[in-house]
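Using the sequences and the accompanying hints, generate a full structural model.
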Amino acid sequence: MPRLARVDVGNEVYHVINRANGRMQIFDAPEDYRRFEKLMLDAKELIDMRILAYTVMP
Numbered sequence: 000m001p002r003l004a005r006v007d008v009g010n011e012v013y014h015v016i017n018r019a020n021g022r023m024q025i026f027d028a029p030e031d032y033r034r035f036e037k038l039m040l041d042a043k044e045l046i047d048m049r050i051l052a053y054t055v056m057p
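Take the sequence shown: its position 6, counted from the start at 1, is 5 in numbering that gives the first Met the number 0, and no numbers get skipped.
Among the hints, erroneous ones may be present.
The calculated label-pair distances, taken between Cβ atoms and stated as ranges, are [said to hold, decoys possible]: (1) Val12 with Leu40: 15 to 21 Å; (2) Ala42 with Ala19: 16 to 22 Å; (3) Ile46 with Met23: 15 to 21 Å; (4) Arg2 with Arg33: 19 to 25 Å; (5) Arg22 with Leu45: 26 to 32 Å; (6) Arg2 with Met48: 20 to 26 Å; (7) Pro1 with Arg33: 30 to 36 Å; (8) Asn10 with Met39: 19 to 25 Å; (9) Val55 with Val12: 16 to 22 Å; (10) Gly21 with Asp41: 26 to 32 Å.
Derived by calculation from the structure, the hints in this document are not laboratory data. Beta carbons: idealized from backbone N, C-alpha and C, even for Gly.
Dropping the structure here:
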């Protein structure tokens, strides 16, 4: 069953988490973490969002 489209409400704080299927490891090397951070910062600039805090865990 497909999910309903999310409503985009501006000026709100969102708590976002992500985990791999079966709790598999997502990042294998330090470069993987850096690549993720670059992608996240590129997305931040693209859609003009604020990132208040984040953590990347193994």
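Checked hints:
For Val12 and Leu40, the hinted distance range of 15 to 21 Å is satisfied, since their beta carbons lie about 19 Å from each other. Distance hint for Ala42 and Ala19: a CB-CB separation of about 19 Å, consistent with the stated range 16 to 22 Å. Restraint check, Ile46 to Met23: a C-beta distance of roughly 28 Å breaks the suggested window 15 to 21 Å. Checked against the given bound of 19 to 25 Å, the beta carbons of Arg2 and Arg33, roughly 31 Å apart, lie outside it.
Under the hint 26 to 32 Å, the C-beta atoms of Arg22 and Leu45, about 30 Å apart, fit the expected range. For the pair Arg2 and Met48, the supplied restraint of 20 to 26 Å holds, since their beta-carbon distance comes to about 21 Å. In this structure the hint that Pro1 and Arg33 lie 30 to 36 Å apart at CB holds, the actual value being about 34 Å. A beta carbon spacing of about 20 Å between Asn10 and Met39 agrees with the range 19 to 25 Å that was offered as a hint.
A hinted range of 16 to 22 Å holds for the C-beta pair Val55 and Val12, which are about 19 Å apart. Here the CB-CB span from Gly21 to Asp41 is close to 28 Å, well matched to the stated 26 to 32 Å.
When held up to the earlier numbered hints, the structure conflicts with 3 and 4 and fits the remainder.
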